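Make the complex out of the two chains shown on their own, each in a separate frame, by following the hints.
Sequence lines, in order, name chains A and B. For the first sequence, position 498 (counting from the first letter as 1) is numbered 509 according to my numbering, and the numbering increases by one without interruption. For the second sequence, position 177 (counting from the first letter as 1) is numbered 183 according to my numbering, and the numbering increases by one without interruption.
FYI, nobody ran anything at the bench for these hints, they're computed from the structure. Hints should not be assumed to be uniformly reliable.
Taking lysine-lysine and the DSS-like style, the derived pairs with C-alpha atoms no more than 25 Å apart in a straight line are [said to hold, decoys possible]:
#	chain 1	residue 1	chain 2	residue 2
1	A	393	B	8
2	A	308	A	361
3	B	19	A	497
4	A	503	B	8
5	B	53	A	541
6	B	111	B	19
7	A	94	B	12
Derived contacts from chain B toward chain A, CB cut-off under 10 Å, selection only [what the hints assert, rightly or not]:
#	residue
8	23
9	26
10	56
11	92
12	98
13	101
14	140
15	196
Computed from the model, here is a short list of chain B residues facing chain A with C-beta under 10 Å [what the hints assert, rightly or not]:
#	residue
16	51
17	86
18	102
19	155
20	193
21	194
22	197
23	206
24	221
The model shown is predicted, which means the values in this text are computed figures rather than measured ones. Built from N, CA and C at the ideal position, the CB exists for glycine as well.
Spelled out, the chains give:
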Amino acid sequence: MLESHLPSGPLEKKWDLRKFENKLVNPANRRKHSVIVVGTGLAGASVAATIAEQGYRVKVFTYHESPRRAHSIAAQGGINAAKNYQNDGDSAYRLFYDTLKGGDFRAREANVYRLAQVSVNIIDQCVAQGVPFAREYGGMLTNRSFGGAQVSRTFYARGQTGQQLLLGAYSALMRQVGERTIDLHVRSEMLDLVLVNGRARGVVVRDLVTGEIESHSADAVVLATGGYANVFFLSTNAKYSNCTASWRAYKRGAYMANPCYTQIHPTCIPVSGDYQSKLTLMSESLRNDGRVWVPKKAGDTRNPAEIGDEDRDYFLERMYPAFGNLVPRDVASRAAKRMCDEGRGVGQTKLSVYLDFRDAITRLGEQEVAEKYGNLFQMYEKITDENPYKVPMRIYPAVHYVMGGLWVDYNLMSNVPGLFVLGEANFSDHGANRLGASALMQGLADGYFIAPYSLGNYLGSTKMEPAKDSDPAFQEALANVQGQVKQLLSIKGNQSADVLHRRLGKIMWEYCGMARNEAGLKKAMGEIRKLREEFWSTLSVPGEGAQLNSELEKAGRMADFLELGELMCLDALERKESCGGHLREEYQTEEGETLRDDANFSHVAAWEGTAQGPKLHKEGLQFEYLKPGSRNYK
Amino acid sequence: MKLNLKIWRQGAKDSDGKFVDYPIDDVNPDMSFLEMLDVVNIRLVAKGETAIEFDHDCREGICGSCSLTINGQPHGPDTGTATCQLHMRRFEDGQTIVVEPWRAKAFPVLRDLMVDRSAFDRIIAAGGFVSVNTGTAPDGNAVAIPKDICESSMDSAACIGCGACVAACKNASAMLFVGAKVTHLALLPQGQPERRRRVRAMVAQMDEEGFGSCSNTGACEAACPKEISLENIAKLNRELLAASLCD
Numbered sequence: 012m013l014e015s016h017l018p019s020g021p022l023e024k025k026w027d028l029r030k031f032e033n034k035l036v037n038p039a040n041r042r043k044h045s046v047i048v049v050g051t052g053l054a055g056a057s058v059a060a061t062i063a064e065q066g067y068r069v070k071v072f073t074y075h076e077s078p079r080r081a082h083s084i085a086a087q088g089g090i091n092a093a094k095n096y097q098n099d100g101d102s103a104y105r106l107f108y109d110t111l112k113g114g115d116f117r118a119r120e121a122n123v124y125r126l127a128q129v130s131v132n133i134i135d136q137c138v139a140q141g142v143p144f145a146r147e148y149g150g151m152l153t154n155r156s157f158g159g160a161q162v163s164r165t166f167y168a169r170g171q172t173g174q175q176l177l178l179g180a181y182s183a184l185m186r187q188v189g190e191r192t193i194d195l196h197v198r199s200e201m202l203d204l205v206l207v208n209g210r211a212r213g214v215v216v217r218d219l220v221t222g223e224i225e226s227h228s229a230d231a232v233v234l235a236t237g238g239y240a241n242v243f244f245l246s247t248n249a250k251y252s253n254c255t256a257s258w259r260a261y262k263r264g265a266y267m268a269n270p271c272y273t274q275i276h277p278t279c280i281p282v283s284g285d286y287q288s289k290l291t292l293m294s295e296s297l298r299n300d301g302r303v304w305v306p307k308k309a310g311d312t313r314n315p316a317e318i319g320d321e322d323r324d325y326f327l328e329r330m331y332p333a334f335g336n337l338v339p340r341d342v343a344s345r346a347a348k349r350m351c352d353e354g355r356g357v358g359q360t361k362l363s364v365y366l367d368f369r370d371a372i373t374r375l376g377e378q379e380v381a382e383k384y385g386n387l388f389q390m391y392e393k394i395t396d397e398n399p400y401k402v403p404m405r406i407y408p409a410v411h412y413v414m415g416g417l418w419v420d421y422n423l424m425s426n427v428p429g430l431f432v433l434g435e436a437n438f439s440d441h442g443a444n445r446l447g448a449s450a451l452m453q454g455l456a457d458g459y460f461i462a463p464y465s466l467g468n469y470l471g472s473t474k475m476e477p478a479k480d481s482d483p484a485f486q487e488a489l490a491n492v493q494g495q496v497k498q499l500l501s502i503k504g505n506q507s508a509d510v511l512h513r514r515l516g517k518i519m520w521e522y523c524g525m526a527r528n529e530a531g532l533k534k535a536m537g538e539i540r541k542l543r544e545e546f547w548s549t550l551s552v553p554g555e556g557a558q559l560n561s562e563l564e565k566a567g568r569m570a571d572f573l574e575l576g577e578l579m580c581l582d583a584l585e586r587k588e589s590c591g592g593h594l595r596e597e598y599q600t601e602e603g604e605t606l607r608d609d610a611n612f613s614h615v616a617a618w619e620g621t622a623q624g625p626k627l628h629k630e631g632l633q634f635e636y637l638k639p640g641s642r643n644y645k
Numbered sequence: 007m008k009l010n011l012k013i014w015r016q017g018a019k020d021s022d023g024k025f026v027d028y029p030i031d032d033v034n035p036d037m038s039f040l041e042m043l044d045v046v047n048i049r050l051v052a053k054g055e056t057a058i059e060f061d062h063d064c065r066e067g068i069c070g071s072c073s074l075t076i077n078g079q080p081h082g083p084d085t086g087t088a089t090c091q092l093h094m095r096r097f098e099d100g101q102t103i104v105v106e107p108w109r110a111k112a113f114p115v116l117r118d119l120m121v122d123r124s125a126f127d128r129i130i131a132a133g134g135f136v137s138v139n140t141g142t143a144p145d146g147n148a149v150a151i152p153k154d155i156c157e158s159s160m161d162s163a164a165c166i167g168c169g170a171c172v173a174a175c176k177n178a179s180a181m182l183f184v185g186a187k188v189t190h191l192a193l194l195p196q197g198q199p200e201r202r203r204r205v206r207a208m209v210a211q212m213d214e215e216g217f218g219s220c221s222n223t224g225a226c227e228a229a230c231p232k233e234i235s236l237e238n239i240a241k242l243n244r245e246l247l248a249a250s251l252c253d
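The following block holds chain B by itself, in its conformation from the complex (with noise of 0.2 Å):
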């Protein structure tokens, strides 16, 4: 396959950036999108050129660590698909390939493709969790949960925290994967105690990152690689209305 890639390269957090050409014709459509990319840079570096720089590890779709929007789409044009589980047989020979970074303020970039979703962190810091201590747990049996209930909560907790549902969005929200986390944990009985001050303490840390508001245009849902539902954020509403209703 012969393809025309326009990648953004940029030095540094401050500095400018902009899309460079790499043509490549002997693309082998068994690759991967990164494999693919390996192949430029092992050539870039020959030359004594610096390395398209990007964020990968697991390569199994499970890490979260790939970004890459890819002619428009965050992690390209598959549905329920991480940038590094996209094949390149699903591209045209000839076809021009557009990356880029993720857009959000919340994520700035920090060096051609690699972005700084630090933000995550800090709101999963802030009260995405239970508390806890090691040691003190009671017996794993010794409360029942409902199967329905405990699978519901393991396809919020399903999220793989890339950031693809913010690079969808056009106002930049994460409320897709606030949601995850406050309904994973609101449905389980091990959740309820912090209950309110979680959802509360999240948002508002959410709001502090520079995250935009949600306006149900469901593009996160669609660029979600672990097809994370929109109903975690119908539910994250409900969650919120109702822990303030409470003060």
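Next comes chain A alone, as it looks inside the complex (with noise of 0.2 Å):
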């Protein structure tokens, strides 16, 4: 039975409500308890620093050479944050609507509007760090726009501002890791989590550099351990970014919650070639200022400057006049590609769009622009070898982030007592569509703001006896990943990991990814039987596990994502519906866009790993605010 622990009493009340019932820890005995935290994002770092101030013990672990390196450093627009300086109507209950409603109604409502009221407190907290937001001439904050939203509320340090509010949550945890309260582990991994007595005491670690496996003890602990769109292999994720802390979780007993739902990003630069290792993210801040188009005609292979306006279609402010090329990300990435199926595209490969500066140059003159995106410019001609100032940029839909992950009640607490779930990692509110610059609110949320006050309330009213390494639940865990990677050495076949990643991806971006169908679904689930068959006879893991073995480390990710990628799959079979980024192509209008069925799939599904297969706990979504309406752009 899923208990989502919602507060009572209305909306606006509720988080308050809840930080009063919490049961405190006195600051004098905040020391007698630890926390494990594992992944040093946004969500991690700030988890980490926080409590550690509060005066917990606190043990840290990345797999990651220095924290710094978490790829929230990769986020470019922005973050969102309800602070109304712009004075155009915003407010915490409009960003919970916006969120909401970007998600298709498929998160729950006190999780959403909580986010939306902490997320004033995070600039704050971030400005205070010395975080460089982006100021106007008299000193104060800007704010650029970003999709699905008509106020303009989102925060930016240039191109770069998940690596600046990482920096700065970053330079709060090397403060705690100088001051000796946060013990930190570098290069090191969660292979596996420790259970005594049904909570979660502990994790498994290899040392990537000596290959040495040895567990670790705490009161509670925290994964923050980001997202799995890395199981498509080519995504604009970090090549590092994997499945495997949560998905030994789930082995261990978490529920894996939505987890088909995936966002498809609009904006990145198309695949090029066979041999390419990643895509790279063109900021969706450029739809403030692009214009989206293709060619009205299909086969219209002149230059894009020798088209004239009479001969382009800017498809999404044609057919989204609200919004323009403001649209949310699912909106956008499925008009992309209906203009590439119907043979529209344009490039080598007919599979890319037009996001076209010509007239914001015109209008705001090359310098501002250069100004507002000059890093993002300079990237894509480093790539493409084109100037984005002369040829309109070439954009294809890629996979970019995962909605899903593992479940959690409201306070961010797995099923698992003990386990506590935060930023990507977790499922909670993003529901099926995460609005742009919301990943980075939800990051600091989720760690400066909400898992404090879950933390100290659980270590304040749960009785547990010192956790030791001796206890057989430890040896257990212990063994386990000492046999999973002599098996993994042992195979001694001819295919690197990264080969047969390559062919997973291609399995899912083809049965589950943009579009879905039930025979699709089907097939994929067969082939990637088939493919894991395959890697545990054909794999080749050359090198010692007691030496720094990259190959090894792949080998252990890759067979995590080939059971979650057959999981991804059951789910998304299951949800005979569309909704956000989860397009069934039996269930939708006319007009392409998603039909959802409120009546019997406004939940999650919540997965439970058993002997006998994947089993789903629904936990159904009440709406006691904004009724669920059909999500209108136009």
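Below, the structure written as structure tokens:
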């Protein structure tokens, strides 16, 4: 039975009420409690710093060489907050409305409202840390617009907002490391979760330099380990991003929620060759000034500069006049796909559309455009060898983020007591589609302002014996990890994990990507099972376990992706409706918009891993304040 | 494209290393440098030979993981570019390319092309922050910050901590890295209360880690993928002098 532990009371008071109900731990007693945090992105770094400041003993683990390398660093465009500095009608309630609607009414009202509420504190905290957000000449903070909103509420630091926010959280984390309240373990990968008497009490990690496998115990475990979009191989995620921490927790009993909810970002640099290792995002902020178009006629191969306005189809502006180029990501992605399916795509592969700055450069001048987007233009030119000031950018949708993740209650605790899940790793706030600039907001909301309260309450209200590494549960988990490492090394086949991973990605993109259908999903599940057999019989991992061995790391992560991919397909198959980023071809309107089925699917699908296979648990979603309507951006 | 790669191979921190030749004859000019190494590795692994280890992650020039000294230049021949953004079209058919790890006493090699840059983290832990606990912040607009000051601060804050400045410097000095962080925070009102303590602590930690001194050749600025200016070192020197005079 899934209990979301929502507070009572009116929407605006729920979080205050919960904070008041929470048990507290006396400052002098906090040092008696220890917490393990895995991951050092926005959510992990911010929660670790915050609880260490409060006086808890914290152990932090990251597979990166430094906490600052975590993938939050790559977020470009901005962070939403309901400050209403622009005096354009913003409020916590409007941000709540936009986020819930943007997610196609597949998130919990109370969670989303709390996110909107604390968003304003995030900006204040980051400014105080020295994050150089963009400002007006008068010295005040400035904003830009992002998709799915008609107010301007996105704070940014050039095209490097994620970097600046992460460096802020990282500096707070390192300050605590310097004060020895945080014990930091870098190049250390979590490979198992340890449960004692049903509670999360520790982790097993592998030291990636020496290969040593060891266990660590604590009173609670926080996973802030990011998303699993790399199951598609080609995605905008960093190469190391993976599902392993979440998946190993799933195998220990934590539920995986809505795994099929994937965000396909509309503005990425198109795929160019079969050697390609990743895709690069061009920030959504570009849609503030860039106009998206394709030629009106299929097969029009003229140079874009020679195609006059009369022969251009600015399809987003045509189809969605109210939001224009700033429709939410899922809507923009599907529209671009439709143009390419109609044969009107551009570029050599015909799998891209133009994002054109001609009019912005005429209106604002090249210098102002460069000030706003210079680093993005430069990045584009480096990859494509084309100058976007002169030639329109070519873009195509690519996998970018996952809304699905480990199931958590309102307190961000999973169904496993003592296991908290933060940031992209949990499923909680974005429903079936995340709005731009909301990931940074959620990661920092969870880490700075929500999880510290929940952890305090859990530690203050739970009686626990000190965990001992000699406990059989730790020994069993250690043996489990050692066994898997040994198994991966013993196959001695002839294919690297990368080669197999690329093939898994192709299956996922083909059948569980932008558009899905029953036959395709069933086929994908069969193909994934076959690929899994091939993996366990033909994988090659040269070298030893007791050394730095990145092929071994990749192989372990790949083994998990091969299981997760099948669950994603199963979840997509079971959700016989379309919502947000999940488009089932059988359920769409005549215009190709998503067709939700609120009567049967207004729920969170939480999957439990059992010996007989995944078992579905449903958490019904109740809407007391907003009536789920059809999402209209026209 | 045909290339002859000469790549540094080293088993572990304390073992001896050497250059090993890897000829490759089917490089696509649109590949990135790291994608070319991926291809080499995939073939090595298929033959059961150990892969060449190198740090990388975001592959879009922001995480600061990738390194590599390519034909003697940290991050290769392009200016303002990290190795992950370098493309093979930048090289000639038939060229020999020598690939080495960062070379600095404070960055020991872990294996092959991978080095340990945790010295940078310890410098930040010594003082590269504003001491503000979560929850204590005033409104973000409580203090106005002039736009040009904010922009200059951002220029310095853009450092990705990759260590190319150290690798490029004949003294393996970390002055550009430290200068960028000191400047970023010294320019902002939020950085003022700890301004003096910060610069002293960070420089002391820098010296303890075994980085060399600055002799103003500007090699660091030339190698920096984010084009962090040498002015940050001048500012660091001024800040340190001011801090020591105020003792």
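Check: residue 503 of chain A and residue 8 of chain B: Cα distance at most 25 Å?
Finding: Answer violated: residue 503 of chain A to residue 8 of chain B is near 30 Å, above 25 Å.
Note to self: So if I understand the rule, the pair passes when the alpha-carbon distance is 25 Å or less; does residue 111 of chain B with residue 19 of chain B pass?
What the structure shows: Distance of about 12 Å is within 25 Å: holds.
Check: Taking 25 Å as the top limit, are the C-alpha atoms of residue 393 of chain A and residue 8 of chain B close enough?
Finding: holds, 22 Å
Item checked: Proposed interface contact between residue 155 of chain B and chain A, which counts if any beta carbon pair is under 10 Å -> Cβ of residue 155 of chain B sits 9 Å from chain A, so the hint holds.
Next item on the list: Could you grab the alpha-carbon distance between residue 308 of chain A and residue 361 of chain A and see if it respects the 25 Å cut-off?
Entry: It holds: about 13 Å lies between the C-alpha atoms, which stays within 25 Å.
Note to self: Tell me if the interface restraint on residue 206 of chain B is satisfied: Cβ within less than 10 Å of some Cβ in chain A.
What the structure shows: violated, 14 Å
Checklist line | Interface hint for residue 23 of chain B, Cβ within 10 Å of any Cβ on chain A | finding: Nearest chain A Cβ about 14 Å off; hint violated.
Check: Would the stated hint for residue 221 of chain B survive a check requiring a Cβ distance to chain A of less than 10 Å?
Finding: violated, 27 Å
Margin query: Does the closest beta carbon of chain A sit nearer than 10 Å to the beta carbon of residue 193 of chain B?
Written below: holds, 8 Å
Margin query: Would the hint on residue 86 of chain B be counted as holding, given a Cβ-Cβ threshold of 10 Å to chain A?
Written below: holds, 8 Å
Next item on the list: Using Cβ atoms only, decide whether residue 98 of chain B comes closer than 10 Å to chain A, and label the hint accordingly.
Entry: Hint violated; residue 98 of chain B Cβ to chain A Cβ min 16 Å, cut 10 Å.
Item checked: Restraint outcome when residue 51 of chain B is required to lie within 10 Å of chain A by C-beta distance -> Since chain A brings a Cβ to about 4 Å from residue 51 of chain B, closer than 10 Å, the hint holds.
Hints 4, 7, 8, 9, 12, 13, 18, 23, 24 from the list above are not met by this structure, while the remaining hints are.
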